[in-house]
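Go ahead and model the full structure; you've got the sequences and the hints to work with.
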Amino acid sequence: FPSHDIKDGKITIGWGHAEDKASSKYKLGDRITKQEADRLFEKDITNFEKSIKKRFMSWPKKIELTQDMWDALVSIAYHKGVDGMFSDTKFMKYLKKGDYQTAGELIRHEYDKKAVKRFPGWIPRRAKESEMFLSYLGGVR
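Per this note's numbering, the sequence shown starts with residue 1, numbered consecutively.
One thing to keep in mind: the hints can contain errors.
Distance condition first, Cα-Cα at most 20 Å in a straight line; then the derived SDA-like pairs of lysine to any residue [said to hold, decoys possible]: (1) 34 <-> 50; (2) 128 <-> 102; (3) 97 <-> 87; (4) 62 <-> 117; (5) 90 <-> 101; (6) 50 <-> 92; (7) 90 <-> 79; (8) 61 <-> 96; (9) 62 <-> 89; (10) 117 <-> 79; (11) 50 <-> 18; (12) 93 <-> 65; (13) 21 <-> 8; (14) 90 <-> 65; (15) 10 <-> 75.
Computed spacing ranges between beta-carbons, pair by pair [to be verified]: (16) 30 <-> 60: 39 to 49 Å; (17) 21 <-> 136: 38 to 48 Å; (18) 60 <-> 2: 39 to 49 Å; (19) 127 <-> 15: 16 to 26 Å; (20) 21 <-> 62: 31 to 41 Å.
Just so you know, the hints here were simulated from the structure itself, not pulled from any lab data. A quick note: this is a predicted structure, and the numbers were derived from the prediction, not measured. Each residue gets a CB set at the ideal place from its N, CA and C atoms; glycine is no exception.
Structure, rendered in structure tokens:
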């Protein structure tokens with residue numbers, strides 16, 4: 001698994017593990033094994049889950065999430081960062097209100113249009129995350 005420069009001051013390696021280029025032990029072109037990629041992925045997912053939970057705990061009203069909804073949020077945070085996910089005020093507004101249908105549709109249709117223009121591969125990823133998020137309703141409608 002080779003490392004890549006993702007043009008935002010970060011370097012990625014493995015399954016998408018990202019670090020600041022200036023402080024990363026990985027340099028462009030470095031390679032890691034599948035086992036190291038898996039280890040970094042597990043560590044990243046654990047850190048994203050902790051960060052998302054911490055943010056939700058600061059909300060005045062508790063929201064109810066299914067496992068699929070939670071998994072979709074972790075996937076979004078993995079690719080955008082927790083700050084990036086929580087900075088989408090339109091999506092978060094509907095999530096806070098408990099309007100899960102609208103929030104889930106925003107993942108597919110509205111979520112991070114600027115980034116999708118830069119990274120067209122995000123279109124199918126956001127569609128899958130939207131479908132996963134809305135699966136509690138029996139799928140995307």
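Problem - Structure versus earlier hints, numbers of those that do not hold, lowest first - result: Of the numbered hints given earlier, those the structure breaks are 1 and 4, listed in rising order.
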